[in-house]
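**Student:** Required output: the full structure, derived from the provided sequences and hints.
In terms of the working numbering, the numbers along the sequence shown are unbroken and rise by one, the last being 206.
The set of hints was computed from the structure by calculation and includes no laboratory data. Heads up, some of the hints might be wrong.
Claimed, not checked - Straight-line distance between alpha carbons at most 20 Å, and here's what the computed SDA-like set of lysine to any residue pairs gives: (1) Lys76 / Leu111; (2) Lys72 / Leu51; (3) Lys76 / Asn57; (4) Lys46 / Lys10; (5) Lys146 / Val173; (6) Lys68 / Asp82; (7) Lys26 / Met59; (8) Lys68 / Ser94; (9) Lys26 / Ile70; (10) Lys76 / Lys10; (11) Lys26 / Leu111; (12) Lys26 / Ala113; (13) Lys26 / Ala106; (14) Lys55 / Ala106; (15) Lys55 / His86; (16) Lys26 / Ala81; (17) Lys72 / Asp131; (18) Lys55 / Ser100; (19) Lys68 / Leu124; (20) Lys146 / Gly61; (21) Lys26 / Asp52; (22) Lys72 / Ala106; (23) Lys76 / Leu124; (24) Lys104 / Met129; (25) Lys48 / Ser94; (26) Lys10 / Phe140; (27) Lys10 / Met59; (28) Lys76 / Ser94; (29) Lys55 / Gln67; (30) Lys48 / Lys76; (31) Lys10 / Met129; (32) Lys76 / Glu90; (33) Lys55 / Leu12.
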Amino acid sequence: MAINWYQATLAIGALGTAATGLVDTTKVLWFGGMSNPGFGYIKYLIERTVVHGGGPKPGTGLKPKDILDTLKANWMNGMETGAQKAIAKSFIKLHLNADTAAHLAGETNVSADSLKSVAQKLAALEPLTATESDAYGRFDLALSAMVDRAYERADQFYRNSCKAVACVFAVVLAFLGNTQLTAPLPAWEVLIIGLIATPLAPVAKDIANAIQTASDAVKSVKG
-16 MAINWYQATL AIGALGTAAT GLVDTTKVLW FGGMSNPGFG YIKYLIERTV VHGGGPKPGT
44 GLKPKDILDT LKANWMNGME TGAQKAIAKS FIKLHLNADT AAHLAGETNV SADSLKSVAQ
104 KLAALEPLTA TESDAYGRFD LALSAMVDRA YERADQFYRN SCKAVACVFA VVLAFLGNTQ
164 LTAPLPAWEV LIIGLIATPL APVAKDIANA IQTASDAVKS VKG
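**Tutor:** Given below as structure tokens:
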């Protein structure tokens, strides 16, 4: 029987869609399933910038564990990335005080003395000098870059992980479906179908329509 490329493309796209759906269903598991990949980059950011041990001073924000739990809840719930970055940055800046200034200065490559002076004046609601304002601006810019890097790498790792797991699901589904055919396909063909199903899924309809249009054009020329 001749291959109908239009239907075959739609079928492979449907296989990829089903595999992607299975990836999403893992998120209902008690540990979050595929909601977790990528958060390690955010956790590393907090470990670098929020000083652990002894707990925060009164008025300096949440404890490190509470910060991580809050950020993870936002990450797993799919909160808008810009909002997540702003919240993470705010949590870190709340922990800036005279005791943590040296550590944060080292992580952001600014003057420790200037940042300590900034922390003291911010706590006392005193105006900053030009030098202190410059140091605080450099600190804020460096911190923004660190937060951006953490979340962008986290998002990249999450997307790639979901695609990889979806490919695995697609291959498994392809082999299971092949066992139901009256004329099963060779294993290598089934493997290729499973591997291309996930990346093909979002554009399967467009490709199928293009194939159909091209096929109709060829037929009209021959006719």
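**Student:** Now tell me if each hint is right for this structure.
**Tutor:** Each hint, compared with the structure:
The straight-line distance between the Cα atoms of Lys76 and Leu111 is roughly 16 Å, inside the 20 Å bound, and the hint therefore holds. As the CA atoms of Lys72 and Leu51 are separated by approximately 12 Å, the hinted pair is consistent with the 20 Å bound. Taken as a hint, the Lys76 and Asn57 pair is honoured in the structure, with Cα atoms around 18 Å apart against an allowance of 20 Å. This hinted pair does not check out: Lys46 and Lys10 have alpha carbons roughly 27 Å apart, beyond 20 Å.
Among the hinted pairs, Lys146 with Val173 is consistent with the structure: their alpha-carbon atoms are about 18 Å apart, no more than 20 Å. Under the criterion of a C-alpha separation no larger than 20 Å, the hint pairing Lys68 with Asp82 is inconsistent with the structure, at around 24 Å. Straight-line distance between C-alpha atoms of Lys26 and Met59 comes to about 13 Å, which keeps the hinted pair within the 20 Å bound. In summary, the hint linking Lys68 to Ser94 is not supported, as the alpha carbons are separated by about 24 Å, beyond the 20 Å threshold.
For a cut-off of 20 Å, the pair hint linking Lys26 to Ile70 stands: about 14 Å separates their Cα positions. With a CA separation close to 31 Å, the supplied pair Lys76 and Lys10 exceeds the 20 Å bound. A C-alpha spacing of about 32 Å is found between Lys26 and Leu111, which places the hinted pair above 20 Å, so the restraint is violated. For the hint pairing Lys26 with Ala113, the CA-to-CA distance comes to about 34 Å; that exceeds 20 Å, so the pair is violated.
Annotation: proposed proximity of Lys26 to Ala106 is violated, straight-line Cα distance about 27 Å (limit 20 Å). Proximity of Lys55 to Ala106 is assessed by CA-CA distance (about 29 Å); at most 20 Å being required, the pair is judged violated. Between Lys55 and His86 the CA atoms are separated by roughly 24 Å; this puts the pair beyond 20 Å, and the hint is violated. For the hint pairing Lys26 with Ala81, the CA-to-CA distance comes to about 24 Å; that exceeds 20 Å, so the pair is violated.
The straight-line distance between the Cα atoms of Lys72 and Asp131 is roughly 10 Å, inside the 20 Å bound, and the hint therefore holds. A threshold of 20 Å between alpha carbons decides the hint, and for Lys55 with Ser100 the separation of about 32 Å lies outside it, so the pair is violated. A threshold of 20 Å between alpha carbons decides the hint, and for Lys68 with Leu124 the separation of about 13 Å falls inside it, so the pair holds. Note on Lys146 and Gly61: the hinted pairing holds, with a Cα-Cα distance of about 17 Å set against a maximum of 20 Å.
As the CA atoms of Lys26 and Asp52 are separated by approximately 10 Å, the hinted pair is consistent with the 20 Å bound. As the CA atoms of Lys72 and Ala106 are separated by approximately 18 Å, the hinted pair is consistent with the 20 Å bound. Restraint check for Lys76 and Leu124: satisfied, since their Cα atoms lie roughly 12 Å apart, inside the 20 Å limit. Proximity of Lys104 to Met129 is assessed by CA-CA distance (about 24 Å); at most 20 Å being required, the pair is judged violated.
Between Lys48 and Ser94 the CA atoms are separated by roughly 28 Å; this puts the pair beyond 20 Å, and the hint is violated. Taken as a hint, the Lys10 and Phe140 pair is honoured in the structure, with Cα atoms around 16 Å apart against an allowance of 20 Å. Simply put, Lys10 and Met59 have alpha-carbon atoms about 9 Å apart, close enough for the 20 Å limit, and the pair holds. Our distance criterion of 20 Å between C-alpha atoms is met by Lys76 and Ser94, whose separation comes to about 16 Å.
Simply put, Lys55 and Gln67 have alpha-carbon atoms about 10 Å apart, close enough for the 20 Å limit, and the pair holds. As the CA atoms of Lys48 and Lys76 are separated by approximately 16 Å, the hinted pair is consistent with the 20 Å bound. Distance check on the hinted pair: Lys10 and Met129 sit about 28 Å apart at the alpha-carbon level, beyond 20 Å; violated. Distance restraint check for Lys76 and Glu90: the Cα-Cα separation of roughly 13 Å lies within the 20 Å cut-off, and the hinted pair is therefore satisfied.
Using a Cα cut-off of 20 Å, the hinted pair Lys55 and Leu12 holds, with the two alpha carbons roughly 15 Å apart.
When the structure is compared with the earlier hints, violations turn up for hints 4, 6, 8, 10, 11, 12, 13, 14, 15, 16, 18, 24, 25 and 31 and for no others.
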